[in-house]
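**Student:** Whenever a hint applies, use it, and build me the whole structure from the sequences.
Position one of the sequence shown corresponds to residue 3 (the working numbering), numbered consecutively onward.
Where hints are given, some of them may not hold.
[Claimed, not checked] EDC-like cross-link-like pairs, simulated, lysine to aspartate or glutamate; straight-line CA separation at most 20 Å:
1) Lys134 x Asp149
2) Lys148 x Glu86
3) Lys134 x Glu112
4) Lys26 x Glu37
5) Lys47 x Glu37
6) Lys150 x Glu102
7) Lys134 x Glu102
8) Lys36 x Asp25
Hints listed in this document are in silico derivations from the structure and should not be mistaken for laboratory results.
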Amino acid sequence: MATTSEDVWRLLAELTAAQKETDKQLKEVSQQQKENAQQLKETDKQLKELGKQIGGLGAKFGSFTEGLALPSMETILRQRFGMEVISPSVRVSKEGQHLEIDVLAYTNGELNTAYIVEVKSHARQEDITQLKSILQRFRRFFPEHKDKKLYGILAAVDLSPELREKILQEGIYVARIHDQVFELDIPDNFPPQTY
3 MATTSEDVWR LLAELTAAQK ETDKQLKEVS QQQKENAQQL KETDKQLKEL
53 GKQIGGLGAK FGSFTEGLAL PSMETILRQR FGMEVISPSV RVSKEGQHLE
103 IDVLAYTNGE LNTAYIVEVK SHARQEDITQ LKSILQRFRR FFPEHKDKKL
153 YGILAAVDLS PELREKILQE GIYVARIHDQ VFELDIPDNF PPQTY
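**Tutor:** Here it is as structure tokens:
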């Protein structure tokens, strides 16, 4: 069967129509991609905003936990350890370095001792490292307390038994909440580490 000029013209017309349909579909795909990209931008923006809100909520919960712990810890620090000065939320900057302490307690005179309390809603392994870092850097930020015996207390609402043991092995006191009051949770023969 021989191809006639009519066949060629018909095939050319079909190809032209098919090309127009392909162009139309490509434009639709391109438009859909633009819309998807815009939706992704919106989703990213919403996720960033949600992250900020969650971060803010975490900070508020941390402040709430610190506020919850302070009255109990103040009682423990005064009655059990003889601390005279108890300062919540201590922040200091020196030579471009910063140090934040949830509770700083100290006494001069015969005891000449200081305690640093870190309060956590849910204690984790890195909280031990953080508290030890604060204890090790303390005298650099507070040279006026350089001769004091220095101890650490990790106060937590939620704490696994394994983590409690690790904290105690580091010579750091553990305080936990019980009946809405924080109490020390240490063995009778606990030997605290002086930092």
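**Student:** Holds or violated: are the alpha carbons of lysine 150 and glutamate 102 at most 20 Å from each other?
**Tutor:** Holds: lysine 150 and glutamate 102 sit about 19 Å apart, inside 20 Å.
**Student:** Lysine 134 and aspartate 149 were given as a pair; does the straight-line alpha-carbon distance stay at or below 20 Å?
**Tutor:** Holds, because 18 Å separates the two Cα atoms, which is no more than 20 Å.
**Student:** Is the Cα-Cα distance between lysine 148 and glutamate 86 20 Å or less?
**Tutor:** holds (17 Å)
**Student:** Sort out whether glutamate 102 lies within 20 Å of lysine 134, counting only the CA atoms.
**Tutor:** holds (13 Å)
**Student:** When you check the alpha-carbon spacing of lysine 47 and glutamate 37, does it fall within 20 Å?
**Tutor:** Between lysine 47 and glutamate 37 the Cα gap is close to 15 Å, so the pair holds against 20 Å.
**Student:** For the pair we were handed, lysine 26 and glutamate 37, check the Cα-Cα distance against 20 Å.
**Tutor:** holds (17 Å)
**Student:** CA of lysine 36 to CA of aspartate 25, is that 20 Å or under?
**Tutor:** holds (16 Å)
**Student:** Keeping to a limit of 20 Å between CA atoms, is the pair of lysine 134 and glutamate 112 held or broken?
**Tutor:** violated (25 Å)
In the structure shown, a violation is registered for the earlier hint numbered 3 alone.
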